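Peer 1: Spelled out, the chains give:
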Amino acid sequence: MPCPPGVIVDISTVIGLVIGSALVAIAIVIGDNPGIFLDSKSALIVLGGTLGVTFIKNPLGRVFGTFGVVKNAFFGKVTPIESLIEQIVELSRKARRESLLSLEKVQVEDAFLSKAIRLAVDGMEPAAIKTVLETEVSFLAQRHKIGQDILDGMASSAPAFGMVGTLIGLVQMLASMEDPSTIGPSMAVAILTTLYGALVANLFCQPLAEKLKNRSRDEVNARLVVVQGVLSIVEGDHPASVEQKLAAYLEPKLRKENQAQAA
Amino acid sequence: MPCPPGVIVDISTVIGLVIGSALVAIAIVIGDNPGIFLDSKSALIVLGGTLGVTFIKNPLGRVFGTFGVVKNAFFGKVTPIESLIEQIVELSRKARRESLLSLEKVQVEDAFLSKAIRLAVDGMEPAAIKTVLETEVSFLAQRHKIGQDILDGMASSAPAFGMVGTLIGLVQMLASMEDPSTIGPSMAVAILTTLYGALVANLFCQPLAEKLKNRSRDEVNARLVVVQGVLSIVEGDHPASVEQKLAAYLEPKLRKENQAQAA
Amino acid sequence: MPCPPGVIVDISTVIGLVIGSALVAIAIVIGDNPGIFLDSKSALIVLGGTLGVTFIKNPLGRVFGTFGVVKNAFFGKVTPIESLIEQIVELSRKARRESLLSLEKVQVEDAFLSKAIRLAVDGMEPAAIKTVLETEVSFLAQRHKIGQDILDGMASSAPAFGMVGTLIGLVQMLASMEDPSTIGPSMAVAILTTLYGALVANLFCQPLAEKLKNRSRDEVNARLVVVQGVLSIVEGDHPASVEQKLAAYLEPKLRKENQAQAA
Amino acid sequence: MPCPPGVIVDISTVIGLVIGSALVAIAIVIGDNPGIFLDSKSALIVLGGTLGVTFIKNPLGRVFGTFGVVKNAFFGKVTPIESLIEQIVELSRKARRESLLSLEKVQVEDAFLSKAIRLAVDGMEPAAIKTVLETEVSFLAQRHKIGQDILDGMASSAPAFGMVGTLIGLVQMLASMEDPSTIGPSMAVAILTTLYGALVANLFCQPLAEKLKNRSRDEVNARLVVVQGVLSIVEGDHPASVEQKLAAYLEPKLRKENQAQAA
Amino acid sequence: MPCPPGVIVDISTVIGLVIGSALVAIAIVIGDNPGIFLDSKSALIVLGGTLGVTFIKNPLGRVFGTFGVVKNAFFGKVTPIESLIEQIVELSRKARRESLLSLEKVQVEDAFLSKAIRLAVDGMEPAAIKTVLETEVSFLAQRHKIGQDILDGMASSAPAFGMVGTLIGLVQMLASMEDPSTIGPSMAVAILTTLYGALVANLFCQPLAEKLKNRSRDEVNARLVVVQGVLSIVEGDHPASVEQKLAAYLEPKLRKENQAQAA
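Protein chains in written order, with our numbering: chain A, 99 to 361; chain B, 99 to 361; chain C, 99 to 361; chain D, 99 to 361; chain E, 99 to 361.
Treat the hints with care, as some may be off.
In this list, chains with the same sequence are indistinguishable; a pair is considered to hold if it fits within one copy or across any two.
[Said to hold, decoys possible] The calculated lysine-lysine pairs, modelled on DSS-like cross-linking and capped at a C-alpha distance of 30 Å, are: (1) 343 <-> 203; (2) 192 <-> 243; (3) 311 <-> 169; (4) 228 <-> 343; (5) 192 <-> 311; (6) 139 <-> 203; (7) 175 <-> 139; (8) 192 <-> 343; (9) 213 <-> 243; (10) 243 <-> 343; (11) 169 <-> 343; (12) 213 <-> 343; (13) 139 <-> 213; (14) 169 <-> 243.
Source of the hints: derived by calculation from the structure; they are not laboratory data. No experiment lies behind these values; they were computed from the predicted model shown.
Starting from the given sequences, assemble the full structure and let the hints guide the process.
Peer 2: This is how it looks when you write it as structure tokens:
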């Protein structure tokens, strides 16, 4: 179950969002009266209430920052671990053959690996490199955690405000129940808010929070490979030894292919 | 996702409370009969029941103390960590250039930093300073935790009493169901209690508990920076070393800006 | 948020129970037909079912023991920590001035402190005193935990049996629905069981379990102060040192007042 | 809150089951039409579905093994800890006065104690005795844990299948709603499944799982006393020292009585 | 409660699935109108929505990989621990009598044991064998964990989409409630989605997730026996010592039989 390259990760999310939304849309459009499913008051209560609660819980900066984290997590690229290991082993060969400084001109696509190499080339102490990189990884994980907490919080507030909207609608309907023929449509509108809340929570917030968690784990893992790898290079380990150390981050199956390719 | 200065933190809470309450109010006022949404009996059961349970669970002093904790947490100022670090580094420069005693006349806005400096100037041992300050931090965290537990408890009691009120209303309505035309309004009133319970829990208690948790984490972090910083000053660390130690509490991005400013 | 003396703790519980029960009672009495809210069958199912399940889960002795634990926890006295510290410091002064044996005739109100002093006066080894007292504290905490578990279990069983009773009532009503005019009252009675279950759980069992948890924490803390204090006395610590050690159990604010009084 | 001897433990469970079942039965029989509460289809869905899910989750052997664990836990005897300690102290006296081998002919009722003595008499090393007995205790705890997990799983599946049955009944009723007079009885039958699910979960599975947990804790504790005691005997401890060591497993109150008796 | 050989494990799952599905099918077929229970729109919303959410949460590769993990877990063979121990003890006898290399030609059914022996015969260092095998075990556990998380996620999404479908159906029904005679069938169809969601979650996803967890524990245990056993062989332990070490993984009862057989 290897994690495929970043682009495919996003494809999975997009496919999931499309399937889920499309099926709900189809179920609605098939019915007689699809227009009734659009109700701005219901949308305002659910979305506004959820957003309001999110602002109460978190400083403004953190809420807006979450949009960035979510966007980054879905559109930012994650270099797959097996490709990172290959590149690092290649770099360790070059560093051994020529010198650590020769890595200065190497072009690396992965931004974090590139930064790690720069620190190494700049002659920073291994301990200092470790501290700098690991702090960055831990703050990345923390930012992801905050984003995840905010999405999880929205996933639990949305159904609550869905229920609030439905209760308001029910009270209004029951209080002025003169014409029985209006009961149906009024109740339909009242129930809509619950539906909106359920969709916002179960189709968007909760799955995205879970995605962020999975993605964060993959990204943190990939960065730990970089930290370990660059430290090995700086300490002048033999390329074979570098590869062996990093292989611990790979699944057994991938590991063998990797060793075969490296051989 | 830096935490902006204290004032903005409060703005976020106020904005959230306003958005959430306004949307609910609008949804109610748009309807035919907004007056029906005010019902003192429902309010009494939900608020009184929730308060009663809170008193059962906690000593009076702790319940009233919570109001103070909540008020403090929302209106008290939190000096941002980057500003604290700047001030502490400045103080360490002054202590080095002149002497530790020279800090006596320095005016510092942050109350906790000011207290920590006073202890240092009074010639207290570093170990004793650490104990005194850390105990204070741990009691602050404990007070916040108690406040959070009380708010969380209210968030779980309010919907329960909302349901109790609705059940009472339903039983009364069903027991005397002679005139069918009164069923609607009676049921509307019965449902109101559930609505009140949902709003008290989801719009006020639960978000404020969460806010207190987030705020407590930021405040404890800021105080730990002060403890670490003042200890470094007392031990005569070089300002650059003080700055480096404290930088571990900062996000990488902020750290660089900070270092640039300090350079 | 200091914990006020034991008597006030109980006042808080009594106030809470009175407020909660009174509001529910008022809501019921205001209605047309308060008599309908009393139904022995509903009470039997909820109370009997909850008690039955409690007996299934726990040995008889433990269930009856819980009444004692609950009673003790609400009516037993807790000496406030600041008063305990004062007394212990006073005792340590006396022991220094005269001798450890001179404590034999001292009258101490707190039962646990009194017992601890007796052990010290009897010449028991400090390590043995520590073991004896700490085992007693841990068994106290365990008894409280068992009581809390039983109350929590009742809080989760009561609504379940409330639902069982309502389902039984609904089935009976639906099965013999010949005369539509009886539907209302039958359903009212059926719903009553759910109301009883909600009240038993949310107004009594759950809050009392929480209270027991809070109270247990305070009581265990107070006893740990006694253990620490008496050990300090036996080891002949200076009264000032005894006071300093115990101050760690006090909030910073109280600590200063305390030191001021002691000065 | 001492745990009374094994037989009384079972009495508590029996009393609880009788009270709970009797009250539900009375509530049903009091009604007009008790026969309607028996419905084989509803029973099949709830019991069959719950059993089916239990088989999916666990190997057959483990499910059937659980019946044995449950039976053992309710009808097997647990020797109370205070009696075990008395017997062990008695044995340690005999072993000191005569010899370890003299224990060979002693008749002990508790099976685990008897086995432990046999190992000791056979001249096994203390370390080996400890390993053998502790492994047995840990496998006992594991068997109890598996039984508890299975009962807990049933407690969560039963209401789910109750709801499934009710939904099936509702769909059937709504689909063929020609004669309004049949709605009541059909709905009554549909609701029955939910009632069955609630009873199976809340009156049987969940309480028995909890009982097994409590019982397991008592039984493991009793066996640890035996392990500790027999090791003390093998190592030739003085009976007073054996008693003192084991007293740590007793509540302070019982301990004093015990020491009084032993004196 | 020994875990019987792999084949029987699967029989248990198959029996459970058959019992559960059959009972639900019977309850449906007994009714007047079984055809109404098939509704493609409801199936699309529940299955499609659940699948969509699963894709949002996880990379495509991982979702498809789960099918393999699930299939493997149900149809792959697990050699029972007692048989593994017997084989390993036999191998250790052979290795002692002849040589480690003599194991090369031995045919072993269990794939993991076979691989472990190959590593040993190849002359790998014990530490390296341990690392290689333990990494493989930990990745197996991780794959199982991912599969279990995906199934658990589906078990919580399915009822949510069941509710979404029912809400959509209710809104459509209420919005066009001209002909009262269509209310019944429309509502029946609306409720169907909830039924589908409940079945997918409670009869399939949740039990299979639990099964995977139980199975994973057994499989990991069996592999740890192999790791421990092959290391003992490589280090030249006496067969009796090998057997004693591995017996710690067996229940006391089985252990004795095993020793009896081995004797």
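Peer 1: Run every hint past the structure and note whether it holds.
Peer 2: Consistency of the hints with the structure:
1. 343 <-> 203: within (25 Å within a copy, 32 Å between copies)
2. 192 <-> 243: Close neither inside one copy (37 Å) nor across copies (39 Å); limit 30 Å.
3. 311 <-> 169: Both, since 14 Å and 26 Å are each at most 30 Å.
4. 228 <-> 343: Both: 16 Å inside a chain and 15 Å across chains, each within 30 Å.
5. 192 <-> 311: neither (36 Å within a copy, 45 Å between copies)
6. 139 <-> 203: neither (59 Å within a copy, 59 Å between copies)
7. 175 <-> 139: neither (39 Å within a copy, 37 Å between copies)
8. 192 <-> 343: within (18 Å within a copy, 35 Å between copies)
9. 213 <-> 243: Intra 23 Å, inter 33 Å, cutoff 30 Å: intra-copy only.
10. 243 <-> 343: both (28 Å within a copy, 24 Å between copies)
11. 169 <-> 343: For residue 169 and residue 343, neither the intra-copy (33 Å) nor the inter-copy (32 Å) Cα distance is at most 30 Å.
12. 213 <-> 343: both (21 Å within a copy, 22 Å between copies)
13. 139 <-> 213: neither (49 Å within a copy, 52 Å between copies)
14. 169 <-> 243: Both: 14 Å inside a chain and 27 Å across chains, each within 30 Å.
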